[in-house]
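Quick one: dock chain against chain with the hints and give me the complex.
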Amino acid sequence: GAVVSQHPSWVICKSGTSVKIECRSLDFQATTMFWYRQFPKQSLMLMATSNEGSKATYEQGVEKDKFLINHASLTLSTLTVTSAHPEDSSFYICSAREGSGNQPQHFGDGTRLSIL
Amino acid sequence: DAKTTQPPSMDCAEGRAANLPCNHSTISGNEYVYWYRQIHSQGPQYIIHGLKNNETNEMASLIITEDRKSSTLILPHATLRDTAVYYCIVRVNTDKLIFGTGTRLQVFP
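Heads up: the protein sequence lines correspond to chains A and B, in order. Per my numbering, the first sequence starts with residue 25, numbered consecutively. Per my numbering, the second sequence starts with residue 15, numbered consecutively.
Source of the hints: derived by calculation from the structure; they are not laboratory data. Be aware that one or more of the hints could be misleading.
With a straight-line cut-off of 20 Å between C-alpha atoms, the simulated SDA-like cross-links for lysine to any residue are [stated by the list, open to error]:
hint: 1; chain 1: B; residue 1: K110; chain 2: A; residue 2: T41
hint: 2; chain 1: B; residue 1: K17; chain 2: B; residue 2: E45
hint: 3; chain 1: B; residue 1: K110; chain 2: A; residue 2: G40
hint: 4; chain 1: B; residue 1: K110; chain 2: A; residue 2: V27
hint: 5; chain 1: B; residue 1: K66; chain 2: A; residue 2: P128
hint: 6; chain 1: A; residue 1: K88; chain 2: A; residue 2: K65
hint: 7; chain 1: B; residue 1: K110; chain 2: A; residue 2: F91
hint: 8; chain 1: A; residue 1: K65; chain 2: B; residue 2: M24
hint: 9; chain 1: B; residue 1: K110; chain 2: A; residue 2: Q66
hint: 10; chain 1: A; residue 1: K90; chain 2: A; residue 2: G40
hint: 11; chain 1: B; residue 1: K110; chain 2: A; residue 2: N126
hint: 12; chain 1: A; residue 1: K65; chain 2: A; residue 2: F115
hint: 13; chain 1: B; residue 1: K110; chain 2: A; residue 2: S67
hint: 14; chain 1: A; residue 1: K65; chain 2: B; residue 2: S55
In isolation and in its complexed conformation, chain B is listed as follows (with noise of 0.2 Å):
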């Protein structure tokens, strides 16, 4: 599976947009790309997951450029509790995820 490349903080002020991004430069045409987040002593909560075209739920929006060798993860307003660990991880249909060093998101008052 393709390795990922994140910042590894951000910090972003409650109530504005929190943009992450991944390189996945060695991406192959089958991968999908998954963002993950853990909050301290807790297991990692799925966030969202696309392979080409860009994707928004609830929780965030995935945009995915054009060559897929990069991506961010949008959480639009963010608040107090989005603070985490966000993983993007990326994988073909093997089942397995393997997780990297993430970014440690901290969002401030």
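If we strip away everything but chain A, and leave its shape as in the complex, we get (with noise of 0.2 Å):
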């Protein structure tokens, strides 16, 4: 079935440092992406949809200097949170959907950023 993959699992970092985190497509292209953030007891919300070789689609409300996505093949798009301060310190996920149409997105195992 289809996989998608992020790196790093988690990560600790001091507060002010920028961290990327990786997602990958594994056995299929993804045109589209997106990117989730979940804090403790909440549900997953959606920060934005990146689209291979154009510009993310944000949600309202995130702050796309803060949360530079980068989508530049079929089967990798990377978001990098710049200059992170402690209340970025989040659970995020990506997902991705091989085909078009109905077929469903399926998500990586979330990478956990705690800014120190």
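Encoded structure:
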């Protein structure tokens, strides 16, 4: 089945650091990938839609200069949290869809980000 | 996309069938019903989806009412590993999945 891989699975860094998270579709090509954020005991919140070869589309309230998204190939999207602060600590999850139409999205295992 | 309503929590005995309901009374004709589950500290796992016919796969069955205003996910023989939060989502081909609060299923021995 379709596999989506995220790296790293967890990261701890100092306040002010920029952190890059990678999302790869391992056995299929994905023109569109999605980035979510999940705070403890809450549901997933869509942050942005990542489109291969074009700019990402951000959801309302998500700062595009804070959360940089690059989707340079059909199998890789990256999310960079710039100048991270403790309030950015969260569980970040990506997803990708194989094909088009009603095909389901498949999710990575998430990246737990802790900013000290 | 249509909004869904799910009970916040349910319990099920191991080996029994778990029936998880979902209301989506404002669903439109071209919106699909998707079910995902999230085990603690992992990414969501796709379970099943359907439009109007009942669907079955190796994980579960999806029963959609004739008016499509509600559906039920059935795990035929629940195991302890099925303990998770189950999300029912309806969407049209806009790609976006908007997660609600889901149902926390606890399977007990």
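The hints, checked one at a time:
1. Simply put, B:K110 and A:T41 have alpha-carbon atoms about 30 Å apart, too far for the 20 Å limit, and the pair is violated.
2. For the hint pairing B:K17 with B:E45, the CA-to-CA distance comes to about 11 Å; that is within 20 Å, so the pair holds.
3. At most 20 Å may separate the alpha-carbon atoms for a hinted pair to count; B:K110 and A:G40 exceed this at roughly 31 Å.
4. This hinted pair checks out: B:K110 and A:V27 have alpha carbons roughly 19 Å apart, not beyond 20 Å.
5. Distance hint between B:K66 and A:P128 is fulfilled; the C-alpha atoms sit about 16 Å from each other, no more than 20 Å.
6. A threshold of 20 Å between alpha carbons decides the hint, and for A:K88 with A:K65 the separation of about 25 Å lies outside it, so the pair is violated.
7. Simply put, B:K110 and A:F91 have alpha-carbon atoms about 18 Å apart, close enough for the 20 Å limit, and the pair holds.
8. For a cut-off of 20 Å, the pair hint linking A:K65 to B:M24 stands: about 17 Å separates their Cα positions.
9. Among the hinted pairs, B:K110 with A:Q66 is consistent with the structure: their alpha-carbon atoms are about 18 Å apart, no more than 20 Å.
10. Taking the CA atoms of A:K90 and A:G40, the gap is about 12 Å. The hint holds against a cut of 20 Å.
11. A distance of roughly 11 Å separates the Cα atoms of B:K110 and A:N126; the hinted pair therefore holds under the 20 Å criterion.
12. A distance of roughly 11 Å separates the Cα atoms of A:K65 and A:F115; the hinted pair therefore holds under the 20 Å criterion.
13. At most 20 Å may separate the alpha-carbon atoms for a hinted pair to count; B:K110 and A:S67 meet this at roughly 15 Å.
14. The straight-line distance between the Cα atoms of A:K65 and B:S55 is roughly 11 Å, inside the 20 Å bound, and the hint therefore holds.
Comparing the model with each numbered hint stated earlier shows that hints 1, 3 and 6 do not hold.
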